[in-house]
Every structure is written in C-alpha cells, then in structure tokens.
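Asks: Residues per chain, in single letters:
2 protein chains.
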Amino acid sequence: MNTIETALSTALFDQYTPDNKAVVVVDILRATSVICTMFHNGAQRVIPVASLDEARHYKEQGYTVVAERNGQKVDFADFGNSPRYFTPEVVNGQTLVYSTTNGTQAIGLSGGAKQVLVGAFLNHGALCKHLLAMQTDVLILCAGWKGKFCLEDTMFAGSLAKTLMASGQFSTTCDSTYGAIDIWNTAQPNIPAFLEHAAQRHRLKKLGLDDVIEYCCTFDLTNKIPALAGNELVAL
Amino acid sequence: MNTIETALSTALFDQYTPDNKAVVVVDILRATSVICTMFHNGAQRVIPVASLDEARHYKEQGYTVVAERNGQKVDFADFGNSPRYFTPEVVNGQTLVYSTTNGTQAIGLSGGAKQVLVGAFLNHGALCKHLLAMQTDVLILCAGWKGKFCLEDTMFAGSLAKTLMASGQFSTTCDSTYGAIDIWNTAQPNIPAFLEHAAQRHRLKKLGLDDVIEYCCTFDLTNKIPALAGNELVAL
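So the sequences go chain by chain: E and Z. Following the working numbering, the numbering of the first sequence begins with 75 at its first residue and continues without gaps. Following the working numbering, the numbering of the second sequence begins with 75 at its first residue and continues without gaps.
Calculated from the structure, these hints are not laboratory results. Watch out, some of these pointers could steer you wrong.
Treat identical chains as interchangeable: a pair holds within one or across any two.
Lysine-lysine pairs mimicking DSS-like chemistry, simulated, CA-CA at most 30 Å apart [stated by the list, open to error]:
| id | residue 1 | residue 2 |
| --- | --- | --- |
| 1 | K236 | K280 |
| 2 | K220 | K188 |
| 3 | K236 | K147 |
| 4 | K147 | K220 |
| 5 | K220 | K236 |
Quick caveat, the model's predicted, so the values are computed rather than measured.
Bound-form chain E, shown alone:
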C-alpha cells in the first residue's frame, strides 16, 4: 500500500518529506494547465524559472520566454500565461522558458523527490495511470496563491487522491487529503458554479483572462506527463 499526502499550499510544503516520493505539482489556473498544453502541442522542453531575473537572462540568450506576474505578461516576455497561445504552430519542437507567480515557484521547491510531475485536469488520467504503475508514495503540492490555500488546486488534489485511493493501492492518514476529497466531492457536480467562489477566477476575470477556465477543467485532453529532468521539464 502506498501513501498519499497533500500540501495545500507552498507555505505548507516544508512540513512534508518529498524524499523518495512522487511530487505532483498543481496550479490549475493556470501554470500546470499551460505546461500540459505546451507538451501536448509538441514542445520539447520547458525550463521553469522562479525569478524574473533568470527569465530575463534566458531572454537575452535568445530563448522564447513565457512570463507573468499577478496574471499579466511581463514586459520583456514573448508570451503571457494563457494556454491559448501555445498552439502546435508556436511550440512544436521548441524549448520554452517559463516563469509564473505561483506554479513555477512550486516546481522549484520539490527537490529531493523521486520524481517531480506536473499535474492538471488535462492529463489527469495519464497521471493516475503513471502513479499507479510507479508504486511509490505520492505528495501533491498545491501551488496556491502566494502561499495561500486556493480552491481550484485543492479540488484537483481531491480528485487525484480520490481516484488513486479508489484503486485500493493508495491510502492516507493525511487530513489535508481528506479535506481535499471533501472539496472535490462538493465541486464535481458543477465545477463552473463551484469556481464562482475561487478568488483566482475573479482575478482572471478582472484582467479579461478568464476565458480559459473551462478549458483548464477539461479532463484527459492529453497523455503527456511533464516531469522534471535536472532543471528542465520534459514529457514522459
């Protein structure tokens, strides 16, 4: 039997031990949904960077840079953070440097893990299949918003945990995981209505960037599982 745990925000991550576990990083609106989209449409590598200084450094070296802060594209970047930008025409065969407010920070925290995986509804089924085949303990890391808990990442964590536990191969004694499952059970019958309560939905709406919410809540659009290899993400 493998265990499953959930860190409900990056500020809670240091209370968990990622060593020898598969860490699944989640930032549904929008970083991990964007990364899944990039690989689905043919990107070869995604280099996640936490700071804008690093991102700028890559830009100066000629890389294509995707960067946002507080939802909005930063001035020197080639693209902001909507999954709509990353069509096959744009990303096929490409290497992209990527920096966001929350999601890429979360990826940077996960050192020591057996494997760091990028999770979203878009690759939910493939991710579950992979984790069941890995036969290892799982730690879900919700990116949240600047260290705070957020509903959309928690609902995904609950969905993932519920599926893994339903297999009979995973169990938990983790209050956060049970709480996430309760929240997923509340959300599942009507995800758009549920997300009316999510602060991030309203942040995106204010910026006119909320046209991707339905897309980011689509199950199983891709079989790609982005995974950290050194400092880069590649697709499994």
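For this one, chain E is given, so just place chain Z on it according to the hints.
Replies: Relative to chain E, chain Z alone:
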C-alpha cells in the same frame, strides 16, 4: 458588510492581517474546548503560555499549571489536557496557567487584533452573537497540528463562517473560508463518522484520550467567551 477570512493553520497566519479584526482561535481537540470548559465551570483567569519553560516558571511561583505536549501531560504539570478534569470543584474562582502543543501557540500569534477570542463548538452560539454585535471583520485562526491543516478545526471554521454569512452581515472572498464551509457541510450530517478521518482523533485514541470527542463537538454548552486581556484570558 463585514468580511470573514480563515487561516487554515498557524503556518498560514502570517499571510493575513489581524489588525482591527476579531481573531477567533480554534483548537477543537482540545485546547479551545478545554478553555471554554474552564470558564464555564467558574475559572477566573487562564494564562496561556507557549513554552514549557514559562509554564514551569509559573509552577515554581505556586500557580496551578495545565500542560501537555503531543497529547500527554508534562511531568511537572498539575493537570493534562482533558476537559473532564476541569470541574467546578477544581476551577471555580481559580487562575490556571495553560500550555499545549498547538492551541496556546496559536493564541500567542494573534497580537494586533482588535480582540482575540477563543472559539469552540461549546460556545458557538454565544460567539456568533458576540461577533454579530461587534460589527467588525473576523479572522478565524485554526491551530491545526504543528502548523499542519486539520479537519476538526477547519470544520468548526466552516460552521462559524456559514452561520455568520447566513446573517447577511458577513461576506467573504477567501478561498479558505469557502473550503472550510464545504468541509463543514460534509461533516455536519454525521460528525463522529467524519472525524474517523481526522489524524488527531487517532492520536488521542492511541493515548486513550479520545473519550472527549463527542463532548468537544457539543454545540452551545456555555455562554462564556474567553477573550485575551493583556496576557490573560478572561470570560466576556
């Protein structure tokens, strides 16, 4: 309209601004349930201290000291942390010094608040009435377990928030508060079954100290609202 927010554990508290708010500290199993019991049964003052060194110092000065770590009474203390100990015969008119693993740490964090209140199911109704009369913004601080999220405090936060919001006088844009309400809605039909998932329930069971769970989930046993006045708790 007043706002309501929820810090789901002490590790998340520094992301909120307690200034000019009523902070409600919650540690259902068992610190805030114990404190409500003490005042219900006539205690005059409770001095919450975070460290065992402080508690020992008070003991040397002749105070009655209640202290536990990881659920168990510490050697020099007069009492451990079960509400059953604090009968009127024991506490009426008394001053008690109190130190616990999580709850008293949480009380110590809440400086800057307009008022720091101790909340539990035992004083739920009185607390709601007081907060509605105060007409101030509310921040609920769940003590959790060593900085981690816990189900029982979150379920109480949801219950409190739901009641306050149902009055029409409170609203929220806080994801944690909505998540707590979802968890309370899941818990409410069968609290004992819900708490089967709570890690703290199993910690207490292991120590033979789980005979108080039903008591700690009793609504409205008392009208006392413990509140911080300087370094002491007194009953409103």
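Asks: Is it within, between, both or neither when you check K147 against K220 at 30 Å Cα-Cα?
Replies: within (17 Å within a copy, 38 Å between copies)
Asks: With identical chains, the pair K236 and K147 could be close in the same copy or across copies; at 30 Å between alpha carbons, which is it: within, between, both, or neither?
Replies: Intra 35 Å, inter 37 Å, cutoff 30 Å: neither.
Asks: From the Cα coordinates, with 30 Å as the cut-off, is the pair K220 and K236 best called within, between, both, or neither?
Replies: Both: 26 Å inside a copy, 25 Å across copies.
Asks: 30 Å Cα cut-off: does K236 pair with K280 within a copy, between copies, both or neither?
Replies: between (33 Å within a copy, 27 Å between copies)
Asks: First find the shortest C-alpha distance between K220 and K188 inside one copy, then the shortest across copies, and answer within, between, both or neither for a cut-off of 30 Å.
Replies: The answer is both: 25 Å in one copy and 26 Å across copies each meet 30 Å.
Of the numbered hints stated above, the single one contradicted by the structure is hint 3.
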